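Asks: Sequence:
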Amino acid sequence: MKKLKIGIIGVGRLGYEHACNIANRVPGSELVAISDANFDRAKQVAEELGVTAVYSDPKALCEDPNVEAVAIVTNTASHVDMIKLAMDAGKHVFCEKPLAETIEKCKQAEEIVAAHPDLIFMLGFMRRYDHSYQIAKKKMENGDIGDVILVRCYSQDPISIIEGTLEYAPRSGGQFIDMSIHDFDLIRWLTGSEPKKLWAIGGCYEFKQYKDWDDGDNVSGLMQMENETMAFFFAGRAAAHGSAVETEIIGTRGTLRIASVPTDSLVEVMSEHGVCRECYQDFISRWHDAYVTEMEEFCDCVATGRKATPGVIDGTQSTKIAFRCKESFLKNELLTLE
Numbered sequence: 001m002k003k004l005k006i007g008i009i010g011v012g013r014l015g016y017e018h019a020c021n022i023a024n025r026v027p028g029s030e031l032v033a034i035s036d037a038n039f040d041r042a043k044q045v046a047e048e049l050g051v052t053a054v055y056s057d058p059k060a061l062c063e064d065p066n067v068e069a070v071a072i073v074t075n076t077a078s079h080v081d082m083i084k085l086a087m088d089a090g091k092h093v094f095c096e097k098p099l100a101e102t103i104e105k106c107k108q109a110e111e112i113v114a115a116h117p118d119l120i121f122m123l124g125f126m127r128r129y130d131h132s133y134q135i136a137k138k139k140m141e142n143g144d145i146g147d148v149i150l151v152r153c154y155s156q157d158p159i160s161i162i163e164g165t166l167e168y169a170p171r172s173g174g175q176f177i178d179m180s181i182h183d184f185d186l187i188r189w190l191t192g193s194e195p196k197k198l199w200a201i202g203g204c205y206e207f208k209q210y211k212d213w214d215d216g217d218n219v220s221g222l223m224q225m226e227n228e229t230m231a232f233f234f235a236g237r238a239a240a241h242g243s244a245v246e247t248e249i250i251g252t253r254g255t256l257r258i259a260s261v262p263t264d265s266l267v268e269v270m271s272e273h274g275v276c277r278e279c280y281q282d283f284i285s286r287w288h289d290a291y292v293t294e295m296e297e298f299c300d301c302v303a304t305g306r307k308a309t310p311g312v313i314d315g316t317q318s319t320k321i322a323f324r325c326k327e328s329f330l331k332n333e334l335l336t337l338e
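For reference, each letter of the sequence shown is one residue, going 1 to 338 in the working numbering.
Because the hints were derived from the structure by calculation, they are not lab data.
Since this is a predicted model, take the numbers as computed values, not measurements.
Idealized CB from N, CA, C, for every residue including glycine.
Check each hint, because a few of them may be wrong.
[Said to hold, decoys possible] Calculated lysine-lysine pairs in the DSS-like style (CA-CA distance at most 25 Å, straight line):
| # | residue 1 | residue 2 |
| --- | --- | --- |
| 1 | K5 | K43 |
| 2 | K59 | K105 |
| 3 | K307 | K138 |
| 4 | K196 | K320 |
| 5 | K5 | K208 |
| 6 | K2 | K105 |
| 7 | K197 | K137 |
| 8 | K59 | K5 |
| 9 | K84 | K331 |
| 10 | K43 | K107 |
| 11 | K320 | K307 |
| 12 | K320 | K331 |
| 13 | K139 | K307 |
| 14 | K84 | K107 |
| 15 | K3 | K211 |
| 16 | K3 | K196 |
| 17 | K59 | K84 |
| 18 | K331 | K197 |
| 19 | K331 | K208 |
| 20 | K331 | K211 |
| 21 | K320 | K105 |
| 22 | K197 | K107 |
| 23 | K2 | K211 |
| 24 | K196 | K107 |
| 25 | K197 | K59 |
| 26 | K3 | K107 |
| 27 | K105 | K197 |
| 28 | K196 | K137 |
| 29 | K107 | K59 |
| 30 | K59 | K43 |
| 31 | K107 | K5 |
| 32 | K196 | K331 |
| 33 | K208 | K43 |
| 34 | K331 | K307 |
| 35 | K320 | K107 |
| 36 | K320 | K211 |
| 37 | K307 | K137 |
[To be verified] For each label pair, taking beta carbons as the anchor points, the in silico distance ranges come out as:
| # | residue 1 | residue 2 | range |
| --- | --- | --- | --- |
| 38 | T52 | V261 | 42 to 48 Å |
| 39 | G90 | K138 | 43 to 49 Å |
| 40 | N66 | G311 | 24 to 30 Å |
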């Protein structure tokens, strides 16, 4: 089997996860180049993973003739520039979410991808490639729960990592674009529809500094989709028990619930505290298999010429929802999706 030769731009926390997967866990891929603005970090990861081509300049990586595809795992504000560099150099592109920090830049990304119809573009909404979510989607398509009435999404980050979260918060874009956008993509994917009305609320319950950034540490919202399906989402930054993502799909003939107990094993701990299940303590552990599966899908799409999903339009639509929710949150008003 021919392996797709991939170069990665950005080897921070999530970039490192992708680099390790490409190098060691995805059969159809080979990690051939690494670029990072922190050149020492790039060299460190390259040495660990046995990669000889190391760059501080992403343009140089994109121009490397040995690189066939580029994985972009940089800060959101640089995504569109990186997409253009890679696709103009003739490389297939996998880009982490969110697509961009403004709708205008999302539209620029759409134009770049459209100008290269021979190249594969895929956006990293990994929850679609989690085994449990894929099973749920198939059951929905089979009609096992009838028509969908409501999709309910919870996403909570552990308070144990709040120091890093607070450091990143002022440049994250806020809860809706940084965290809830995963749930927005899930809601669109599971319902097969776009929101027509939404109302977002929230506040600064534990960490008052979020108010300085026109944001909340815990936010929620209600949507009605164009096909009349309802959706609810909640995103929080202060979960005492760990990293927790839960999704429930309520239908006319049944209900599907994913990860109602966010545990990393079937072990039950019995002690003086009673009986408990230990939770994931970070998002990378929870979604490790999904990150591998989505990269396998990207490689297969390149090999077969299939269109990859999620695509650039999915990135734009989820970003639109995020910003409209932020506006609703700030205005405390029910809004339509323009």
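Asks: All hints, please: hold or fail.
Replies: Against the structure, the hints:
1. K5 to K43: 19 Å, holds
2. K59 to K105: Holds. K59 to K105 sits at ~19 Å (cutoff 25 Å).
3. K307 to K138: 20 Å, holds
4. K196 to K320: Holds, at roughly 12 Å.
5. K5 to K208: 46 Å, violated
6. K2 to K105: Violated, at roughly 35 Å.
7. K197 to K137: Distance of about 24 Å is within 25 Å: holds.
8. K59 to K5: Holds. K59 to K5 sits at ~17 Å (cutoff 25 Å).
9. K84 to K331: Violated - the C-alpha atoms of K331 and K84 are around 35 Å apart, more than 25 Å.
10. K43 to K107: 34 Å, violated
11. K320 to K307: Within the cut-off at roughly 23 Å; holds.
12. K320 to K331: Holds, at about 16 Å.
13. K139 to K307: With Cα atoms ~23 Å apart, K139 and K307 stay inside 25 Å; holds.
14. K84 to K107: Measuring from Cα to Cα gives roughly 13 Å; hence the hint holds.
15. K3 to K211: This hinted pair is violated, its Cα atoms lying about 48 Å apart.
16. K3 to K196: Violated, at about 43 Å.
17. K59 to K84: Roughly 10 Å separates the two Cα atoms, so the pair holds.
18. K331 to K197: Within the cut-off at roughly 15 Å; holds.
19. K331 to K208: Between K331 and K208 the Cα gap is close to 19 Å, so the pair holds against 25 Å.
20. K331 to K211: 14 Å, holds
21. K320 to K105: 12 Å, holds
22. K197 to K107: 22 Å, holds
23. K2 to K211: 51 Å, violated
24. K196 to K107: 20 Å, holds
25. K197 to K59: 42 Å, violated
26. K3 to K107: The hint is violated at about 32 Å.
27. K105 to K197: 24 Å, holds
28. K196 to K137: 22 Å, holds
29. K107 to K59: It holds: about 22 Å lies between the C-alpha atoms, which stays within 25 Å.
30. K59 to K43: 17 Å, holds
31. K107 to K5: 28 Å, violated
32. K196 to K331: Status holds; Cα separation ~18 Å.
33. K208 to K43: This hinted pair is violated, its Cα atoms lying about 39 Å apart.
34. K331 to K307: 39 Å, violated
35. K320 to K107: 11 Å, holds
36. K320 to K211: The given pair, whose Cα atoms are some 22 Å apart, holds under the 25 Å limit.
37. K307 to K137: Measuring from Cα to Cα gives roughly 19 Å; hence the hint holds.
38. T52 to V261: 42 to 48 Å: The hinted range 42 to 48 Å holds for T52 and V261, with Cβ atoms some 45 Å apart.
39. G90 to K138: 43 to 49 Å: 36 Å, violated
40. N66 to G311: 24 to 30 Å: 26 Å, holds
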